[in-house]
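Counting from 1, one number per residue, gives the positions in the sequence shown under our numbering.
Some hints here could point you the wrong way.
[Claimed, not checked] Below, simulated DSS-like cross-link-like pairs (lysine-lysine); rule was C-alpha separation at most 25 Å, straight line:
id, residue 1, residue 2
1, K172, K278
2, K19, K278
3, K278, K144
4, K19, K54
5, K54, K202
6, K172, K54
[Unchecked claim] Simulated restraints on C-beta separations:
id, residue 1, residue 2, range
7, G292, G215, 22 to 32 Å
8, E257, D396, 39 to 49 Å
9, E211, E257, 48 to 58 Å
10, A201, N48, 42 to 52 Å
11, L394, N291, 17 to 27 Å
12, Q104, Y293, 10 to 20 Å
No wet-lab data here; the hints were simulated from the structure. For each residue, glycine too, the CB sits at the ideal point set by N, CA and C.
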Amino acid sequence: MADLLPEHPDFLWRNPDPKPSYDAVVVGGGGHGLATAYYLAKNHGLTNVAVLEKGWLAGGNMARNTTIIRSNYLWDESAAIYERALKLWEGLPEELDYDFLFSQRGVLNLAHTLSDVRESVRRVEANKLNGVDAEWLSPEEVAKVCPIVNVFPNVRYPVLGATYQPRAGIAKHDHVAWAFARACDRMGVDLIQNCQVTGFAKDGDRVVGVETTRGRIATGTVGLAAAGHSSVLAELAGFRLPIQSHPLQALVSELYEPVHPTVVMSNHVHVYVSQAHKGELVMGAGVDSYNGYGQRGSFHVIEHQMAAAVELFPIFARAHVLRTWGGIVDVTMDASPIIGRTPVEGLYVNCGWGTGGFKATPAAGWALAHTMATGEPHELNRPFALDRFVTGALIDEHGAAAVAH
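Throw the hints in and build the complete structure from the sequences for me.
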């Protein structure tokens, strides 16, 4: 590991001005960008690195998600990268020396129809083949894991069972970002806030620098980790990405005593619910169908989400919503990410995670850092190359991921 800088007594990381040049630049100061910089330094000894963030660190999707962490995906490629992420999550609090409230309280994915049951049982068996902990639970077993779920048969969408991943759970998203940021800073990485990328300098088909609102920065290696704005940056670099950006809403309630012991997700009625450490109920649903970059969403999505939540959890009927928010998710046609090289030499991209970005944070950073440092994909991200949209080798994790996040 690189030599550590002395800790700062009054703040978690420095706030430096950009240098004229760096060995590598990461665009995007969210979880994936910070994790990429961390693993560039830790795994590859690259510390002359800058993370450029147009606003403040972790102020985008990292601060606007529902914090769920799981790895029970159907396809081999998805299971591999998410399971690596979960294994990294399990060691990160000690490795980063920061308690970001990682809680392995388990995740239930409910089944409400015979089709749900068939798909869920198939996914459990596929998970077992990939070494992912997974179980199929009956309605009675669901009630034992989460007693507040309504498992009575006389409802509109009765619970016919659920998949269960005991090692899954949640973490405090902003604390995760702070942990990575502090570790990056101590290894010499420059975290540069309020620095928007406005263009790319190229020599032929190779990147040689980035243009920013704080001046040009010379570099021959750039990693894009800007989530919903990845397509905008790609256009500036002269190529297109096969992604669409959508608003994704979530909400939290007022604080309540602990009543919800796990995480419950339902694709059929489209809601997922957990209870944060302080006591607020954290709820999410699906993306708004329209394309956009607004960090808000449509009211009808919340209306349907609340109806579903109250049906599944009658105890929540009188809960008060405290606030709502929206993130900007980037979705590919096969609902799987893009991690790897681009048509511009020296320019790499990590995008297209849809609503699954937070849980993948450490593995995405690990894989992108390896690709940037070596010029070749890691085994984790080799299947997620951009050229799969040319060859047709798509992964198609749409229906396999419950609410595909």
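Problem - Hint numbers contradicted by this structure - result: 2, 10, 12
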